[in-house]
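Quick note on numbering: our numbering labels position 235 of the sequence shown as 235, and the sequence is numbered without any gaps.
No lab work stands behind these hints, which were simulated from the structure alone.
All figures in this text were calculated on a predicted structure; none of them were measured in a lab.
Hints should not be assumed to be uniformly reliable.
As the list claims (entries may be wrong) - If you anchor each label on the Cβ, the simulated ranges turn out as follows: (1) A16 x H181: 23 to 29 Å; (2) I183 x L282: 26 to 32 Å; (3) K129 x D10: 18 to 24 Å; (4) D138 x D10: 37 to 43 Å; (5) L158 x S229: 25 to 31 Å; (6) T153 x A238: 36 to 42 Å; (7) E258 x K206: 38 to 44 Å; (8) A33 x N295: 25 to 31 Å; (9) A33 x P299: 32 to 38 Å; (10) E193 x A152: 31 to 37 Å; (11) A238 x D138: 26 to 32 Å.
What the hints assert, rightly or not - Below, in silico cross-link-like pairs of lysine-lysine (BS3-like), each with a Cα-Cα straight-line distance of 25 Å or less: (12) K24 x K190; (13) K166 x K206; (14) K190 x K166; (15) K163 x K129.
Glycine included, each C-beta is placed from N, C-alpha and C at the ideal position.
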Amino acid sequence: MTSKVKVLLDDNSFVAQRACYFRKINELRKADALILFHDETWVNINEEKRSIWVDDSGKGRLRKTDGKGITLIILPEKIFMYAYIFNIGTRLGISAMIDKNGFHLPSVDIFDCSKDHSMTSSYFSEWIKKAAFRLREDNGPSQRIAIAIDNATWHSELTESTKPAKRSMRKNQIIEWLQNHDIEFDPTLKKSELLEIASENKPRKKHKIDEVAQEFDVQIVRLPVRHCSLNPMELAWAALKDYIRKNNTNFTMSSVYELAAEFIAGFDDKAAQDAIRHAEKLEMTYKTADNFVENIVEPQLIDDVSDTEIDNLSDDSDDSTDI
1 MTSKVKVLLD DNSFVAQRAC YFRKINELRK ADALILFHDE TWVNINEEKR
51 SIWVDDSGKG RLRKTDGKGI TLIILPEKIF MYAYIFNIGT RLGISAMIDK
101 NGFHLPSVDI FDCSKDHSMT SSYFSEWIKK AAFRLREDNG PSQRIAIAID
151 NATWHSELTE STKPAKRSMR KNQIIEWLQN HDIEFDPTLK KSELLEIASE
201 NKPRKKHKID EVAQEFDVQI VRLPVRHCSL NPMELAWAAL KDYIRKNNTN
251 FTMSSVYELA AEFIAGFDDK AAQDAIRHAE KLEMTYKTAD NFVENIVEPQ
301 LIDDVSDTEI DNLSDDSDDS TDI
């Protein structure tokens, strides 16, 4: 879910992320790679059209509970790779990806979870392993394959060797971190000084799921932070939830699951290509705006503070922290 906190997407960090993403995705398209877009969403048992209270047959939308116990739903193996047991009082999470042909059905994962959802990096890592294996198996050894994902926490866990030192660490843990990364230091320094040395020598980030996918020669491409609009999955999820709200008349977990499965199985190549084209149009909008700022606006900017003044301010700040 996208945060409702407003941010300036013309900040240099966002512009740089967009440039990196556009360069990678353009190169993949030129190489005729198989590009899939991944995302997760969550649906509740009480999903409904708030302004409509009858279904197409004229029957009222009477809520029915699942009662006690659990409901077992099993779909044919030809459609999805999983079977599911739903616990009462939960909601559904859906992890899936699309390409120009629609949803990649063998990797669709519909699972039950709590209100705060239960997706974790280990769960997602296992999903990406199965999905990458299936993609490679279905497309042969020579097809270039890439999966575009967002920057959710469970997508972004670092490998052990690239995790940075943290302020919460004890001094002996920071010393151990520095030793493990072959960084020279004076052990008599204060913890804060050792942490500064660690910060200055942070290793380049490597994500666990990137390495898992790489085992099957599948590339992971990350969307820019806070740019979910560039992911065609957003339109697919919006259509899925609209479908569930229009057809949810039983308000049971099993019926919501069945509606989600029906929609995913029926999401054809035309719908997928429309969603992808919409995202590509937004890409062009960002590219045009970023080029305009770089080539027209920024050359006319005048710095209010000179480099010398900045250096002096930095020196003054350093002096004020001396003990």
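To see whether the hints hold, each was checked on the structure:
no., hint, result
1, A16 x H181: 23 to 29 Å, "holds (26 Å)"
2, I183 x L282: 26 to 32 Å, "violated (42 Å)"
3, K129 x D10: 18 to 24 Å, "violated (38 Å)"
4, D138 x D10: 37 to 43 Å, "holds (41 Å)"
5, L158 x S229: 25 to 31 Å, "holds (26 Å)"
6, T153 x A238: 36 to 42 Å, "violated (23 Å)"
7, E258 x K206: 38 to 44 Å, "holds (40 Å)"
8, A33 x N295: 25 to 31 Å, "holds (30 Å)"
9, A33 x P299: 32 to 38 Å, "holds (36 Å)"
10, E193 x A152: 31 to 37 Å, "holds (35 Å)"
11, A238 x D138: 26 to 32 Å, "holds (28 Å)"
12, K24 x K190, "violated (43 Å)"
13, K166 x K206, "holds (17 Å)"
14, K190 x K166, "holds (15 Å)"
15, K163 x K129, "holds (22 Å)"
Checked against the numbered hints above, the structure violates hints 2, 3, 6 and 12; every other hint is satisfied.
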